[in-house]
Amino acid sequence: MMENLKAITKDELLNEGEKLLTGGAKFITAVCRDLGEQLEVTYFFSLKGGTEMYPLRYTVNKEEEVPSFSQITLATVLIENEMKEMFGLKVKDLALDFGGHLLLAQDSPVTPLLKTTGKTASKGGD
Amino acid sequence: MGLIEKSRIKSPWILHFDNSSCNGCDIEILACLTPLYDVERFGMVNMGNPKHADVLLITGPVNRRTARVLKNLYAQVPDPKIVIAVGTCASSGGVFHNCYNVLGGVDKVIPVDVYIPGCAARPEAIIDGVVLALQKLASLRGDKK
Amino acid sequence: MAARTTVPFGPQHPVLPEPIQLKITYEDEKVVEVVPAIGYGHRGIEKACELNEYTKNIYLCERICGICSYIHSVSVVEVTEKLWPVELPPRVKYLRTIWAEMSRTHSHLLWLGLLADAFGFESMFLQFWRIRERVLDLLEMTTGQRVIQSVNVVGGVRRDISPEQKKTCIETLNTVRKESEALIKVLTKDYTVKSRTIGKGVLTKEQALQLGCAGPTLRGSGVREDARLTKYDAYGELNYEPVVEEAGDSYARALVRARELFQAIDLQLEALAKLPEGEIAVRVRGNPPANEDVMRTEAPRGELFYYAKGNGTRNLERLKVRTPTFANIPSLLVMLPGCELADVPVIVLSIDPCISCTER
Ligand code: SF4
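Note that the protein sequences, when read in sequence, are chains A, B and C.
Anchor point for the first sequence: position 83 equals 83 in our numbering, and the numbering is continuous, going up by one each time.
Anchor point for the second sequence: position 6 equals 6 in our numbering, and the numbering is continuous, going up by one each time.
Anchor point for the third sequence: position 129 equals 129 in our numbering, and the numbering is continuous, going up by one each time.
Heads up, simulated DSSO-like pairs for lysine-lysine below, C-alpha to C-alpha not over 30 angstroms straight-line:
#1 C/Lys30 - C/Lys205
#2 C/Lys309 - A/Lys62
#3 B/Lys136 - B/Lys108
#4 C/Lys200 - C/Lys30
#5 C/Lys23 - B/Lys71
#6 A/Lys6 - C/Lys309
#7 B/Lys71 - B/Lys108
#8 A/Lys6 - C/Lys231
#9 A/Lys48 - C/Lys274
#10 A/Lys19 - C/Lys309
#11 C/Lys23 - A/Lys90
Just so you know, these hints were derived from the structure itself, not from any lab.
The following block holds chain A by itself, in its conformation from the complex (with noise of 0.2 angstroms):
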């Protein structure tokens, strides 16, 4: 069970992380998850010496854009674009964006996080 978890619309975001953020928060990181129609995707907070944990949560559909936090902090650049390249979540105005090779090369396969690109693509070898 996660404790505080608060659930948000992709617009509150920024809004939301900002006044945590002033509130002496730090970011730790954000956690996508393929729900199948949708992607969830949870932006950890952690306050107080790291005693307690903030989860903001929003849901979307996969073809739907979303902001980015990195206008606020730089902090979650790389771990936006990661989103970016094993969901295909579509994050809009990445403060640094590296064009889906963060991690892939260029032959690697794509939104390889997907639960439909399924076990073909995770064979590795040949």
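Start from chain A and add chains B and C with the ligand according to the hints.
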């Protein structure tokens, strides 16, 4: 046996390259250089420059991005050269065999002369493997291979 | 205006045992811009964790990084245990703490060695690594392996520390402390070291928080934050207070690690002394239930974050790993600009980058 051949066997220069390993084997290779194991007693010296090297020590499975770098490095090492795959994952892909970005062992990309198994390969095993490689190197001549 | 040059730093560079590339733009000798390019070590472990049975994830996650492998295995088993949740016997908690601190000791010794090497103090590098071998011997004696321990399972641990081993551990740890004290004194008092680290790569407290840094990089900037404060494992019962330095430069980060080295030894000795009797594993039945949870542990390089979601089958629905270096890379974007070309390697080293962690 000419002077160059002799010195190549008495003092092989090593180039270490890390593909996408977990570091376990890299650290063990470094540990080989430290006083407890001390490979320098076999004349081995770690080099940063591929054109100086005789022996390529490779750790980690080949992934889609390092395959090109590895081929490149291999081409730069002058003949005769020996390639050693250190660790299970460099030998066969090991625990990473079903990761999507991993192509497999080093031998998917370049020919390998000596395989050192172990995850992580122990420093003793690495030294053994390098000594084995030297025996092979002794039988190779600059013009062949 | 002076001409600008862009130079790639890496992927194969002598101070970095691992491949990372920084595209650095210089104006004469000064760095003006840095763009990190990673991905040389990407394997795709998160996906493989969804395809493997949950019990196999331990062995895979340990191999995310060979230096902090123990902490990775603690995190992955504990996040999985939290899904049920499993109540752990007290002895397991202590054993995990002891091994975790042991791996912190060897990791910090390793880093101090690399730092000495970056200054060109080769014999000191070898000395640190010689001491480190003692810690590895302890790990081998108690867990059976030097670097990848594979000693955790969901529900407990697979080996115990016997009374004789406990005695050897205590003796060796005291030797390690004595020997490292002598070396660290040199390293922290030496003029060359000071002139190359003090005031170099400064990260203020505000920047460190803003950029979401972790571990010694964060604590070196005066922030009292440490995942061990969440009191997982036995940390709640041990005498523990995070090491914090105020200056925020490379020197402060080195000091944090040096002091943490001794603290880790103290924690091990304390935990060994308090080690409760009892079971070393409990039986866990069935598959991980359809819950989600997170686990935050303190790896040698900073806070390690695991997120897991089960779905009632043998496979996890999702496992996410956020490693400390992933959080610390953005800090290079503010530390490096303004410094000189010759200082780049030391500053990069000062965040203790672990690339195979970052890219998984
Ligand atoms: S063989 Fe094992 S220890 Fe060595 S690099 Fe591969 S995974 Fe790591």
